[in-house]
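Novice: What follows is the residue order along each chain.
There are 2 protein chains.
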Amino acid sequence: PEFMDQPSAMAGTSEPNRNSKYDPKKPHITEQPITRANWYKHVNWLNCFFILGIPMMGCVAAFWTPLRLPTAIWAVVFYFWTGLGITAGYHRLWAHKSYSARTPLKLFLALVGGGAVEGSIRWWSRDHRAHHRYTDTNKDPYSVRKGLMYSHIGWMVMKQNPKRIGRTDISDLNEDPVVVWQHKNYLSVVAFMGLIFPTLVAGLGWGDWMGGFIYAGILRIFFVQQATFCVNSLAHWIGEQPFDDRNSPRDHVITAFVTLGEGYHNFHHEFPSDYRNAIQWHQYDPTKWCIWVWSKLGLAYNLKQFRSNEIEKGRVQQLQKKLDQKRSKLDWGIPLDQLPVIEWEDYVEQAKNGRGLIAVAGVVHDITDFIAEHPGGKAIIKSGLGKDATAMFNGGVYMHSNAAHNLLSTMRVGVIRGGCEVEIWKRAQRENKDVNYVKD
Amino acid sequence: PEFMDQPSAMAGTSEPNRNSKYDPKKPHITEQPITRANWYKHVNWLNCFFILGIPMMGCVAAFWTPLRLPTAIWAVVFYFWTGLGITAGYHRLWAHKSYSARTPLKLFLALVGGGAVEGSIRWWSRDHRAHHRYTDTNKDPYSVRKGLMYSHIGWMVMKQNPKRIGRTDISDLNEDPVVVWQHKNYLSVVAFMGLIFPTLVAGLGWGDWMGGFIYAGILRIFFVQQATFCVNSLAHWIGEQPFDDRNSPRDHVITAFVTLGEGYHNFHHEFPSDYRNAIQWHQYDPTKWCIWVWSKLGLAYNLKQFRSNEIEKGRVQQLQKKLDQKRSKLDWGIPLDQLPVIEWEDYVEQAKNGRGLIAVAGVVHDITDFIAEHPGGKAIIKSGLGKDATAMFNGGVYMHSNAAHNLLSTMRVGVIRGGCEVEIWKRAQRENKDVNYVKD
Ligand code: HEM
Ligand code: HEM
Ligand SMILES: [Fe+2]
Ligand SMILES: [Fe+2]
Ligand SMILES: [Fe+2]
Ligand SMILES: [Fe+2]
Numbered sequence: 001p002e003f004m005d006q007p008s009a010m011a012g013t014s015e016p017n018r019n020s021k022y023d024p025k026k027p028h029i030t031e032q033p034i035t036r037a038n039w040y041k042h043v044n045w046l047n048c049f050f051i052l053g054i055p056m057m058g059c060v061a062a063f064w065t066p067l068r069l070p071t072a073i074w075a076v077v078f079y080f081w082t083g084l085g086i087t088a089g090y091h092r093l094w095a096h097k098s099y100s101a102r103t104p105l106k107l108f109l110a111l112v113g114g115g116a117v118e119g120s121i122r123w124w125s126r127d128h129r130a131h132h133r134y135t136d137t138n139k140d141p142y143s144v145r146k147g148l149m150y151s152h153i154g155w156m157v158m159k160q161n162p163k164r165i166g167r168t169d170i171s172d173l174n175e176d177p178v179v180v181w182q183h184k185n186y187l188s189v190v191a192f193m194g195l196i197f198p199t200l201v202a203g204l205g206w207g208d209w210m211g212g213f214i215y216a217g218i219l220r221i222f223f224v225q226q227a228t229f230c231v232n233s234l235a236h237w238i239g240e241q242p243f244d245d246r247n248s249p250r251d252h253v254i255t256a257f258v259t260l261g262e263g264y265h266n267f268h269h270e271f272p273s274d275y276r277n278a279i280q281w282h283q284y285d286p287t288k289w290c291i292w293v294w295s296k297l298g299l300a301y302n303l304k305q306f307r308s309n310e311i312e313k314g315r316v317q318q319l320q321k322k323l324d325q326k327r328s329k330l331d332w333g334i335p336l337d338q339l340p341v342i343e344w345e346d347y348v349e350q351a352k353n354g355r356g357l358i359a360v361a362g363v364v365h366d367i368t369d370f371i372a373e374h375p376g377g378k379a380i381i382k383s384g385l386g387k388d389a390t391a392m393f394n395g396g397v398y399m400h401s402n403a404a405h406n407l408l409s410t411m412r413v414g415v416i417r418g419g420c421e422v423e424i425w426k427r428a429q430r431e432n433k434d435v436n437y438v439k440d
Numbered sequence: 001p002e003f004m005d006q007p008s009a010m011a012g013t014s015e016p017n018r019n020s021k022y023d024p025k026k027p028h029i030t031e032q033p034i035t036r037a038n039w040y041k042h043v044n045w046l047n048c049f050f051i052l053g054i055p056m057m058g059c060v061a062a063f064w065t066p067l068r069l070p071t072a073i074w075a076v077v078f079y080f081w082t083g084l085g086i087t088a089g090y091h092r093l094w095a096h097k098s099y100s101a102r103t104p105l106k107l108f109l110a111l112v113g114g115g116a117v118e119g120s121i122r123w124w125s126r127d128h129r130a131h132h133r134y135t136d137t138n139k140d141p142y143s144v145r146k147g148l149m150y151s152h153i154g155w156m157v158m159k160q161n162p163k164r165i166g167r168t169d170i171s172d173l174n175e176d177p178v179v180v181w182q183h184k185n186y187l188s189v190v191a192f193m194g195l196i197f198p199t200l201v202a203g204l205g206w207g208d209w210m211g212g213f214i215y216a217g218i219l220r221i222f223f224v225q226q227a228t229f230c231v232n233s234l235a236h237w238i239g240e241q242p243f244d245d246r247n248s249p250r251d252h253v254i255t256a257f258v259t260l261g262e263g264y265h266n267f268h269h270e271f272p273s274d275y276r277n278a279i280q281w282h283q284y285d286p287t288k289w290c291i292w293v294w295s296k297l298g299l300a301y302n303l304k305q306f307r308s309n310e311i312e313k314g315r316v317q318q319l320q321k322k323l324d325q326k327r328s329k330l331d332w333g334i335p336l337d338q339l340p341v342i343e344w345e346d347y348v349e350q351a352k353n354g355r356g357l358i359a360v361a362g363v364v365h366d367i368t369d370f371i372a373e374h375p376g377g378k379a380i381i382k383s384g385l386g387k388d389a390t391a392m393f394n395g396g397v398y399m400h401s402n403a404a405h406n407l408l409s410t411m412r413v414g415v416i417r418g419g420c421e422v423e424i425w426k427r428a429q430r431e432n433k434d435v436n437y438v439k440d
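For the protein sequence lines, the chains are U and X, in the order given.
Just so you know, our numbering puts the end of the first sequence at 440, numbered straight through with nothing missing.
Just so you know, our numbering puts the end of the second sequence at 440, numbered straight through with nothing missing.
Hints in this document: simulated from the structure, not taken from any laboratory.
This structure is a prediction, so every number in the text was calculated from the model and none was measured.
Accuracy of the hints is not assured; some may be wrong.
Because identical chains share one entry, a pair is satisfied inside a single copy or across any pair of copies.
What the hints assert, rightly or not - Straight-line distance between alpha carbons at most 30 Å, and here's what the computed DSS-like set of lysine-lysine pairs gives:
#, residue 1, residue 2
1, Lys326, Lys304
2, Lys326, Lys382
3, Lys41, Lys184
4, Lys322, Lys382
5, Lys296, Lys378
6, Lys26, Lys146
7, Lys426, Lys41
8, Lys382, Lys352
9, Lys184, Lys159
10, Lys25, Lys184
Between the sequences and the hints, there should be enough to build the whole structure, so can you do that?
Specialist: As structure tokens, this is what we get:
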């Protein structure tokens with residue numbers, strides 16, 4: 001099928017962060033182990049420069065650039081816009097199709113998303129779909145199993161074998177004109193939305209060209225990048241796993257605060273086509289709130305939501321799994337099928353001869369050591385020895401607690417052939433023979 | 001047996017808070033409903049005076065009695081002693097036999113316990129055993145089912161039918177010389193330990209006779225009583241039920257703080273013969289800490305503890321119960337045995353004719369409405385239509401999440417006669433007939 005033939009991640013020539021000299025036929029540097037002699041060949045120096053070098057220069061420049069209040073406010077506002085471009089646009093709209101958007105909203109998201117400088121929609125979504133499809137495996141582009149730093153930026157600052165990353169279907173993206181347009185003009189979009197536009201606003205607005213460039217441009221890019229990278233690192237590292245603990249995604253409010261609401265990542269990996277990441281009203285998911293407002297304005301529609309019944313089923317199954325793990329670590333007494341079978345008459349006989357045996361529900365228990373400790377008193381428990389104490393134990397005299405039932409099961413020594421006394425008695429009648437049943 | 005013949009609670013002549021004119025043969029006042037004309041006959045005025053009247057007079061007297069620091073400290077210390085007399089003595093030692101004590105410790109606990117003015121050990125323990133044995137029923141002397149105020153003090157300030165309270169075995173107490181001695185001399189013990197002793201200490205110690213009487217005597221009694229009454233009221237009202245939710249007892253840290261550690265009451269009702277009420281180190285149970293220290297000093301021994309395996313079993317069972325309740329409220333799809341049975345050939349035929357049918361694990365699903373929404377793409381899900389998609393769905397193409405399995409189960413429309421494709425194919429071979437199985 002069509003999507004099987006698409007180029008591997010980072011191999012397209014119109015994409016950023018790619019090595020244009022890549023030839024799929026030649027052996028790739030990542031096929032060699034990292035050594036003292038070749039380590040620098042493993043580093044993706046271009047990415048290092050973009051992700052770490054430029055922000056550092058921005059920091060230095062910030063020393064000579066006074067931060068003015070309107071510029072600070074604008075940098076924060078633009079931080080949220082470009083962050084939303086990634087979370088509401090790249091991620092929930094294009095990578096997951098969790099809702100549909102009208103063209104004006106699409107254009108807005110494609111532009112501000114470009115301003116976050118994290119690659120084109122097409123490139124980002126393909127990687128992200130591979131991340132969902134092959135989570136935690138070698139085909140996951142930012143697998144956290146390779147370490148927290150690897151999933152955060154290691155996968156970008158070190159060279160990657162383009163053949164390694166899993167393939168996914170992006171035919172829908174190739175049919176989306178906004179995606180295609182943004183991909184073709186990626187370098188212009190990134191330059192304009194990442195640096196020129198924020199500079200223009202601050203420069204034309206209140207004359208702060210340099211501040212706009214450094215704070216709303218370069219440093220804002222750095223913060224947006226680091227924040228959204230946290231979805232790949234932190235959200236696979238800290239928090240709860242209420243829906244599935246086979247893979248690494250986790251729910252944590254801290255990650256949610258850093259990532260505009262993408263921190264309920266265990267939910268998200270389980271229900272990726274849900275436009276929400278947080279499902280409870282009190283959880284922080286501003287991306288969801290924005291999408292919801294856009295839908296009220298008619299800019300977004302077809303907001304997908306998993307039925308809460310399905311979501312609760314997932315939660316119940318995960319709780320059950322945890323409980324089963326706990327249960328399997330406990331001692332539940334000798335299983336009935338491993339107990340010796342005792343004749344009713346033998347049981348009565350042995351109890352008469354002084355062994356502390358008591359039959360409850362067809363199982364014989366040795367309570368010798370427990371008689372003195374019985375919370376209901378010695379006399380009363382002794383009155384059940386050598387008898388069928390099923391009824392007494394289960395409410396006839398006292399309705400024992402769950403704890404008492406559990407304790408009882410640890411004292412098992414045998415099962416009575418034929419079950420409880422009444423069955424033995426009935427069978428004896430049928431077979432027309434005498435049985436030593438005990439009168440009270 | 002002996003314990004069946006013991007007098008009903010509050011009916012003994014040597015016990016406090018009793019109506020000495022009680023005659024078991026005459027009809028009791030509680031057999032008549034409370035009316036405007038007879039309500040005062042229902043009130044136990046003597047108890048009202050002791051529990052509410054005296055403390056009120058103490059409050060008034062406190063206006064004219066300056067509180068001196070040593071007296072305040074002494075009142076608090078004596079509050080803890082007398083409280084411990086009830087919790088470590090009356091409750092955990094005598095009512096529940098959760099540990100054994102040497103005579104000096106027994107004497108100390110019998111004395112300070114008497115100073116709390118809550119009846120003799122014998123009377124208190126009998127009621128308390130009835131409370132455990134008949135929790136929440138009419139035979140429970142302080143059943144919370146009759147209201148929070150009833151369980152707190154209502155059962156004392158209103159007359160009770162002595163025949164109502166459940167009977168229990170107290171033969172062990174009747175054999176304990178300290179218990180018998182305290183019971184016989186109860187009025188002297190209570191007068192001395194409740195009032196005279198605290199007054200003497202403050203008077204001889206630092207000359208504060210009046211302060212000792214009012215603060216360390218009367219008002220301290222009031223606070224100790226109210227605090228320990230909370231075990232019967234608050235501990236059956238607020239908190240969690242980690243071990244059993246059939247009855248009212250609950251675990252709450254607030255109750256624990258008020259009652260010297262008796263607030264883990266759900267645990268306590270489930271494991272009454274455990275000398276601990278709190279089992280985790282960070283939970284507040286000073287009564288347990290004291291018993292432990294006494295055991296290190298050789299004053300206490302044979303501290304009983306339920307095996308942690310049994311305790312965890314109880315916890316797991318209760319969690320399971322909660323989970324089952326949650327599970328039963330969810331929709332798990334049409335059960336397999338309620339689905340129509342479809343022939344493999346019919347299934348293939350219908351799918352060929354355009355119905356969106358897909359077979360997974362022997363069950364046919366109608367996915368018509370889902371194809372366009374499939375997160376893995378339209379093309380790929382369509383490739384499974386009319387085939388046995390069991391393997392594709394379960395990892396052959398993509399290992400679907402738990403959520404996907406749950407979603408799938410909501411789309412069931414039929415079961416295939418004979419199970420999965422391979423079984424049908426095998427059967428056809430056995431029966432030597434042709435089958436329309438689909439080649440990929
Ligand atoms: C056979 C093994 C037995 C075990 C392991 C056992 C265990 C227990 C335990 C753990 C309790 C404390 C309360 C509870 O957890 O429910 C208890 C209470 C009691 N048991 Fe048993 N029991 C046994 C047999 C019997 C029999 C045969 C009788 C009566 C014929 C009996 C009568 C009572 C009564 C009346 C109490 C109430 C104690 C009270 O709270 O006053 N038990 N038993
Ligand atoms: C028959 C009913 C099906 C249902 C209800 C279903 C449901 C889903 C769901 C909910 C997902 C999202 C990820 C997840 O929760 O695991 C998913 C992903 C996927 N499904 Fe299906 N699926 C079905 C059939 C198929 C079939 C027959 C195939 C392949 C032949 C397939 C291939 C995939 C793939 C490759 C993905 C990965 C999407 C990605 O994250 O890139 N599915 N499916
Ligand atoms: Fe993820
Ligand atoms: Fe995602
Ligand atoms: Fe209780
Ligand atoms: Fe108790």
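Novice: Now look at each hint and say whether the structure bears it out.
Specialist: Status of the hints after comparison with the structure:
1. Lys326 - Lys304: For Lys326 and Lys304, the Cα distance is within 30 Å only across copies (25 Å; inside one copy 36 Å).
2. Lys326 - Lys382: For Lys326 and Lys382, neither the intra-copy (35 Å) nor the inter-copy (41 Å) Cα distance is at most 30 Å.
3. Lys41 - Lys184: Within one copy only: 29 Å inside a chain, 94 Å across chains, cut-off 30 Å.
4. Lys322 - Lys382: neither (40 Å within a copy, 36 Å between copies)
5. Lys296 - Lys378: Answer is between: at 29 Å across copies they meet the 30 Å cutoff, but 73 Å inside does not.
6. Lys26 - Lys146: within (25 Å within a copy, 84 Å between copies)
7. Lys426 - Lys41: Cα proximity of Lys426 and Lys41: none, with 86 Å in one copy and 57 Å across.
8. Lys382 - Lys352: within (12 Å within a copy, 74 Å between copies)
9. Lys184 - Lys159: within (24 Å within a copy, 90 Å between copies)
10. Lys25 - Lys184: within (26 Å within a copy, 102 Å between copies)
Of the hints listed earlier, those the structure fails to meet are numbers 2, 4, 7, in rising order.
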